[in-house]
Amino acid sequence: MIDRTQAADALAAIEGAQARGSILAGYAHAGDILIAWGMTWIVGNLAAQVAPAIADPLWFIGIAASVLFTILRSRRNPHSGRAALLALIAGVFIIVAGLLIGDVDARLGTALISLVVAAIYAGLGLWIGPRFTLLGGAIAAAILIGWFAFPARLYLWLAFGGGGALVVSGLWFRRA
Amino acid sequence: MADAFDEIVHQSVRLQIMAALDQARAPLGFSRLKAITRATDGNLGAHLATLAKAGYVRIDKTPDGARTRTSAAITEAGRTAFRNHVAALRVILDGGQSNA
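Read top to bottom, the protein sequences are chains A and B. When the letters of the first sequence are read in order and numbered with my numbering, they come out as residues 1 to 176. When the letters of the second sequence are read in order and numbered with my numbering, they come out as residues 1001 to 1100.
If you are wondering where the hints come from, they were derived from the structure by calculation, not from laboratory data. Do not rely on the hints blindly, as some may be mistaken.
As the list claims (entries may be wrong) - Partial chain A-side listing against chain B, Cβ under 10 Å, derived:
1. Q6
2. A7
3. A8
4. L11
5. A13
6. A28
7. G31
8. D103
9. P130
10. R131
Since the structure is predicted, the reported quantities are computational estimates derived from the model, not experimental observations. Here a beta-carbon is modelled for each residue, glycine too, at the ideal position from N, C-alpha and C.
Work out the full structure: start from the sequences and follow the hints.
See below:
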């Protein structure tokens, strides 16, 4: 006969398994979305480094496409409506902040906006799973390294450090 | 409710497998189940086989190049057995008895 303690342990094991299942499902769902945003970062920042005249239009197109992809991708998961809304809010913030700050100091504006995005990912980890916090940390590290150590190549660092972190993380998350 | 207690489901790894499959809306791959249950390959495979033999899960093996991808899904019988078992556990927790 099992006792109340054993029954409680069994119910806790069920809860633990389902919590791990939810986190892993969240990672797998987010993988393609992270890759899409990573590609936007790579293209936008590369353009800012080598072809500044076309950087803003490329950013606008990339952000809009990534937001749309996030919304469409999230329709497959009925629990991801809030994630899609968050992507939309983040996309609007990035565009508006860029318009406000861009003329003052484009490099500072890009770095600040990127740090905000890194903070959002780090914060998401508190709800979705710790891999997002690691991702936010990696992006922030890339930004700060680029800003302080390689200021003349900041956009390259953001492209391959930040964008690369998103793409690599996306590939990792997809395997969850 | 005492009859709802299921020895096949109650084993620790199998309980976690059933919990994960009951929650999922689609079949789960072997690697996902391994991450959830934290079981070894052999251990997980053996418990999946036990559940399949009982008719509680359906196992699918699909070729993927040189490899074979294994996935598992809960059957209706398995879902019923799992949910009845959970109800039996709650009865025990609330002060009832089990025939285990």
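Verification of the hints:
For A/Q6, the shortest C-beta to C-beta distance to chain B is roughly 8 Å, which falls under 10 Å, so the interface hint holds. Checking A/A7 against chain B by beta carbon gives a least distance of about 4 Å; that is within 10 Å, so the hint holds. Look at A/A8: its Cβ gets to within about 6 Å of chain B, closer than 10 Å, so that hint holds up. Using the Cβ-Cβ criterion of 10 Å, the hint placing A/L11 at the interface with chain B is satisfied: the shortest such distance is roughly 5 Å.
For A/A13, the suggested interface contact is upheld, since its CB lies about 6 Å from the closest CB of chain B, less than 10 Å. Given hint, A/A28 at the interface with chain B, holds; its Cβ is 8 Å from that chain's nearest Cβ, closer than 10 Å. About 13 Å separates the beta-carbon of A/G31 from the nearest beta-carbon of chain B, more than 10 Å, and the hint is not met. The beta carbon of A/D103 comes no nearer than 48 Å to any beta carbon in chain B, farther than 10 Å, and the hint placing it at the interface is violated.
Given hint, A/P130 at the interface with chain B, is violated; its Cβ is 14 Å from that chain's nearest Cβ, farther than 10 Å. Because the closest C-beta pair between A/R131 and chain B is about 12 Å apart, greater than 10 Å, the hint is violated.
Hint compliance for this structure: hints 7, 8, 9, 10 are not met, and every other hint is.
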